[in-house]
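One-letter residues, chain by chain:
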Amino acid sequence: EDQVTQSPEALRLQEGESSSLNCSYTVSGLRGLFWYRQDPGKGPEFLFTLYSAGEEKEKERLKATLTKKESFLHITAPKPEDSATYLCAVRTGGSEKLVFGKGTKLTVNP
Amino acid sequence: DVKVTQSSRYLVKRTGEKVFLECVQDMDHENMFWYRQDPGLGLRLIYFSYDVKMKEKGDIPEGYSVSREKKERFSLILESASTNQTSMYLCASLRDSYGYTFGSGTRLTVV
Numbered sequence: 832e833d834q835v836t837q838s839p840e841a842l843r844l845q846e847g848e849s850s851s852l853n854c855s856y857t858v859s860g861l862r863g864l865f866w867y868r869q870d871p872g873k874g875p876e877f878l879f880t881l882y883s884a885g886e887e888k889e890k891e892r893l894k895a896t897l898t899k900k901e902s903f904l905h906i907t908a909p910k911p912e913d914s915a916t917y918l919c920a921v922r923t924g925g926s927e928k929l930v931f932g933k934g935t936k937l938t939v940n941p
Numbered sequence: 095d096v097k098v099t100q101s102s103r104y105l106v107k108r109t110g111e112k113v114f115l116e117c118v119q120d121m122d123h124e125n126m127f128w129y130r131q132d133p134g135l136g137l138r139l140i141y142f143s144y145d146v147k148m149k150e151k152g153d154i155p156e157g158y159s160v161s162r163e164k165k166e167r168f169s170l171i172l173e174s175a176s177t178n179q180t181s182m183y184l185c186a187s188l189r190d191s192y193g194y195t196f197g198s199g200t201r202l203t204v205v
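From first to last, the protein sequence lines are chains A and B.
Heads up: the first sequence begins at 832 in our numbering, then just goes up one per residue.
Heads up: the second sequence begins at 95 in our numbering, then just goes up one per residue.
Excised from the complex, chain A in its bound form:
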């Protein structure tokens, strides 16, 4: 069974304090790993797609990386506006469904 586990469940950082969120997965035939950002009371918003080990994507203070077993979302010098829940999901085999992790709630204090 395909599984996605995110850690930590919650993370508190001071503004400017860099850190990483983890997404580990066990799947058969990865067709894509996705990162989303979700603000309270809203739908998730797309951040990145990664397809193969070694791939990296960057957007402002965020950088996503992928290995054969896990993905990291690195946050460099975060700001309070980066506070949100970050969701990881995978698409596998012949499925059109995504399998989601439960998310990491990030709080950045000024």
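Errors might be hidden in some of the hints.
Claimed, not checked - With a straight-line cut-off of 16 Å between C-alpha atoms, the simulated EDC-like cross-links for lysine to aspartate or glutamate are:
| hint | chain 1 | residue 1 | chain 2 | residue 2 |
| --- | --- | --- | --- | --- |
| 1 | B | K97 | A | E848 |
| 2 | A | K928 | B | E163 |
| 3 | B | K151 | A | E927 |
| 4 | A | K928 | B | D153 |
| 5 | A | K933 | B | D132 |
| 6 | A | K928 | B | D190 |
| 7 | A | K936 | B | D132 |
No wet-lab data here; the hints were simulated from the structure.
Bear in mind the structure is a predicted one, so any value in this text is a computation, not a measurement.
We have chain A already, so just place chain B on it with the hints.
Coordinates of chain B only, in the frame set by chain A:
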């Protein structure tokens, strides 16, 4: 820009009512999905549809049904609302390299 629109942001319904949640996408996508999201449980798939009039059960279909009469519209129906169906409901369509595009969500409260 691509869009998935959910008709209501907030709904309050009474126990036993029949509830309709509407979702419309403007991207001509074939695959559409309904999830509910609860604290500590994450996103759970209720139903999905891969074509007009085609549907498949997700992980938690009990108490729900769906309708897809047109490609752009996917409706979630709560046949007889119960308090344990109080939740955030999210509609999504599949957009290949972006994974899902989500709607803004409907916060449903059943009293």
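Hint check:
1. With a C-alpha separation of about 35 Å, the suggested pairing of K97(B) with E848(A) is violated against the 16 Å cut-off.
2. Taken as a hint, the K928(A) and E163(B) pair is broken in the structure, with Cα atoms around 21 Å apart against an allowance of 16 Å.
3. For the proposed pair K151(B) and E927(A), the alpha carbon gap of about 13 Å is at most 16 Å, so the pair holds.
4. Restraint check: the Cα-Cα separation between K928(A) and D153(B) comes to about 11 Å, which is no more than 16 Å; the hinted pair holds.
5. A distance of roughly 10 Å separates the Cα atoms of K933(A) and D132(B); the hinted pair therefore holds under the 16 Å criterion.
6. Among the hinted pairs, K928(A) with D190(B) is consistent with the structure: their alpha-carbon atoms are about 11 Å apart, no more than 16 Å.
7. For the suggested pair K936(A) and D132(B), the alpha carbons sit about 14 Å apart, so the restraint of at most 16 Å is met.
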